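Those sequence lines, one after another, are chains Y and U.
The first sequence lines up with residues 3 to 296 when you count with our numbering.
The second sequence lines up with residues 414 to 804 when you count with our numbering.
Simulated from the structure, these hints should not be mistaken for laboratory data.
The model shown is predicted, which means the values in this text are computed figures rather than measured ones.
Where is the CB? At the ideal position from N, CA and C, for every residue including glycine.
Do not take every clue at face value.
To spell it out: a stretch of chain U is covered by chain Y in this simulated footprint if at least three of its residues, at any positions, have a beta carbon under 8 Å from a beta carbon of chain Y; those stretches are [said to hold, decoys possible]:
{"#": "1", "segment": "530 to 538"}
{"#": "2", "segment": "592 to 602"}
{"#": "3", "segment": "772 to 778"}
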Amino acid sequence: MRRVGLLLLTALLATAGFTPAAQNAARVVETLPARPDSLKFAVLGDNGTGAKPQYDVGQQMAAARMTFPFDMVLMLGDNMYGRQEAQDFVTKFERPYAALLQAGVLFYATLGNHDNQNNRFYKAFNMGGERYFTFVKKNVRFFVLDTNQLDPKQRAWFDETLQRSDDQWRICFFHHPIYSDGGRHGSDVALRVVLEPLLIKYGVDVVFSGHDHMYERLKPQKGITYFVSGSGGELRRGDVRPSGLTAAYYDQDQSFMLVEVAGDEMFFEAVARSGAKVDSGVIRREPVGARDSR
Amino acid sequence: MKPHTLAAHPVAVERRHRSAAARLFDLVVHRCLALPIGVAIGLLWANTAPEPYFIVAHSLAFPVNEIGMALFVGLIMQEIVEAVMPGGALHSWRRWSLPLLAAVGGIAGSASVYLAYVRGHYEEVLEAGWPIASAIDIAAAYYVLKWILPRSGALPFVLLLAIATNLFGMLLVAPQYPTAVVHGGGLGVMLVALGIAGAMRALRVRSFWPYLVVCGTLSWVAFYREGLHPAFALVPIVPFLPHEPRRLDLLADPPDDDAVHHFEHEWNTLVQGILFLFGLVNGGVLLRGYDTGTWALLLGALVGRPLGILIAVGAAVAAGWHLPRGLKWRQLLVAALACSSGFTFALFFATGILSTGPLLAQLTIGALGTAAGSLLTIGAARLFRVGRFAR
Chain Y
3 MRRVGLLLLT ALLATAGFTP AAQNAARVVE TLPARPDSLK FAVLGDNGTG
53 AKPQYDVGQQ MAAARMTFPF DMVLMLGDNM YGRQEAQDFV TKFERPYAAL
103 LQAGVLFYAT LGNHDNQNNR FYKAFNMGGE RYFTFVKKNV RFFVLDTNQL
153 DPKQRAWFDE TLQRSDDQWR ICFFHHPIYS DGGRHGSDVA LRVVLEPLLI
203 KYGVDVVFSG HDHMYERLKP QKGITYFVSG SGGELRRGDV RPSGLTAAYY
253 DQDQSFMLVE VAGDEMFFEA VARSGAKVDS GVIRREPVGA RDSR
Chain U
414 MKPHTLAAHP VAVERRHRSA AARLFDLVVH RCLALPIGVA IGLLWANTAP
464 EPYFIVAHSL AFPVNEIGMA LFVGLIMQEI VEAVMPGGAL HSWRRWSLPL
514 LAAVGGIAGS ASVYLAYVRG HYEEVLEAGW PIASAIDIAA AYYVLKWILP
564 RSGALPFVLL LAIATNLFGM LLVAPQYPTA VVHGGGLGVM LVALGIAGAM
614 RALRVRSFWP YLVVCGTLSW VAFYREGLHP AFALVPIVPF LPHEPRRLDL
664 LADPPDDDAV HHFEHEWNTL VQGILFLFGL VNGGVLLRGY DTGTWALLLG
714 ALVGRPLGIL IAVGAAVAAG WHLPRGLKWR QLLVAALACS SGFTFALFFA
764 TGILSTGPLL AQLTIGALGT AAGSLLTIGA ARLFRVGRFA R
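All chains, full assembly: derive it from the sequences and hints.
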């Protein structure tokens, strides 16, 4: 009964543009600062359905870009569901994001469990034919992993690449969340015990994952902020089981994220398919000394 | 006068308890129960305290899967060599032809159902797991069939089928070992290992341990350096070991009547300890980690394999082969179902092919789930009144 009441309240708040997520944000910022010299990007996961909600999200992203001119999108895996032939790349990727692609926005993808491994050769995913890779944008180095299988070679590469990185921000993205309150999948603890020591050791600041079809921001774990953004096309309504780890969540509609890294601050917004802001906040990067003492 | 009972005497109580513990130990060792017990503990631990479990499992994975399991694979090879050598229970190449065909059918059946399911769900990333669906748990097949059809031609038929299937699986798994770096230079080390093993054999060294410790270690280094799964390191060494033909079935406990069988007893006891750890380290999965791979594996093993075996045997009989003596189609159906459990070997192949991650988790759940094949076999035997259910 109490749960039904909560769900009704959530639906009402969502209609009005407010959600538990927005209420729980650590430090809510009204708008992203959109500073001219900052790094701006969008984040999207589990999107490649080819169905109407994916197209709606694509439109909403294009609309958001009018006021927040991001020039890249991180795709968190399951970029393509079902059949993955040439025509599917059109209906499940090129058409839904046509406006963004025409504006020169670059998409950087990671592989999910539904993605054909050969999709890493698809030019518009900017994976350079690799399952795992790294790239730098302004003061941020991104590390992209294939968590379907964390083989020793990939682990050694990750360790080595993190060690070499002297970039101001270190952001990782991969498909399977190591922290999540999703009811269907939840935290992948086996991956966590392998990855987390490296993330901590080398001072990774933020991790984005998908797989659970909802939006969730977790309270910083050992100094690292984790986001699950897996409802860019798929949605598992009401799937979040909030716990002590939950900082904010939204599981009533499809959503995506807008992120801005400016100096030592990372601003973020989670936006629903309707355009409603469902979470926002700012993460301040920990100074190197504080990180070392974690 | 009150009768003097053994139970009342403290020394007798101690003896009886010790003997009960010894009996329990024997049961665990000789009925291959160490691995299921390890799996049960791993499952319980992982699903109640996942983080400590996975930390322990991760830290033990290499010594157990890559080093300890070499002794398991070596023992299996030793038993196979002794069973098929002259005087062994499975000797006679004429007996091999039908089980070999059945093995090919079983592999084709399990692989095609597995791959069809995975492709039907557009999860090509799981395709690499098809050898896991082909694995047969030799112990499960042996014990369930021995219970249902104790003195039937089905037993050697199934054992040969399972051996052929798993040898094929091992050939596929060994080169897929995921390693960070291939160092090379393994061939030279292997030649030294084989040279020492050959010299020991020429000098008639009867103890197993020098072969296992010296040559086995060198062979392990050679496999590891070449990026081959080091759990297979004893395979090239086993032919040099002293052998005595096994007149009993593969898993039947041979009498401790000579030095060779005595060493095999010691070896088996050690292997059961390793299998317990193997089950503990690899069997603990979060049960909600099931997914497409789980269902694909279950369908491949429980449906595809028995079907493939029956079709292959049917085709062979149509082409003029004969069913083993005393084996009718109903018994064959039960025998084919007895091969559906992959458990130990499926788990072993899974850890050999896949690295840490959700794919391994979902296939592990499937591998454990194939244990249901034994229940299906008993159900089918009851339904068709086969063996002990015929009365």
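So, going through the hints one by one against the coordinates:
Only residues whose C-beta sits within less than 8 Å of a C-beta in chain Y count toward coverage, and the segment 530 to 538 of chain U has 4 of them, enough to reach three; the restraint holds. Chain Y is given as covering the segment 592 to 602 of chain U, and this holds because 3 residues of the stretch bring a CB closer than 8 Å to a CB of that chain, at least three being needed. Restraint check on the segment 772 to 778 of chain U versus chain Y: 3 residues with Cβ-Cβ distances below 8 Å, three needed, restraint holds.
Of the hints listed earlier, there is not a single one the structure fails to meet.
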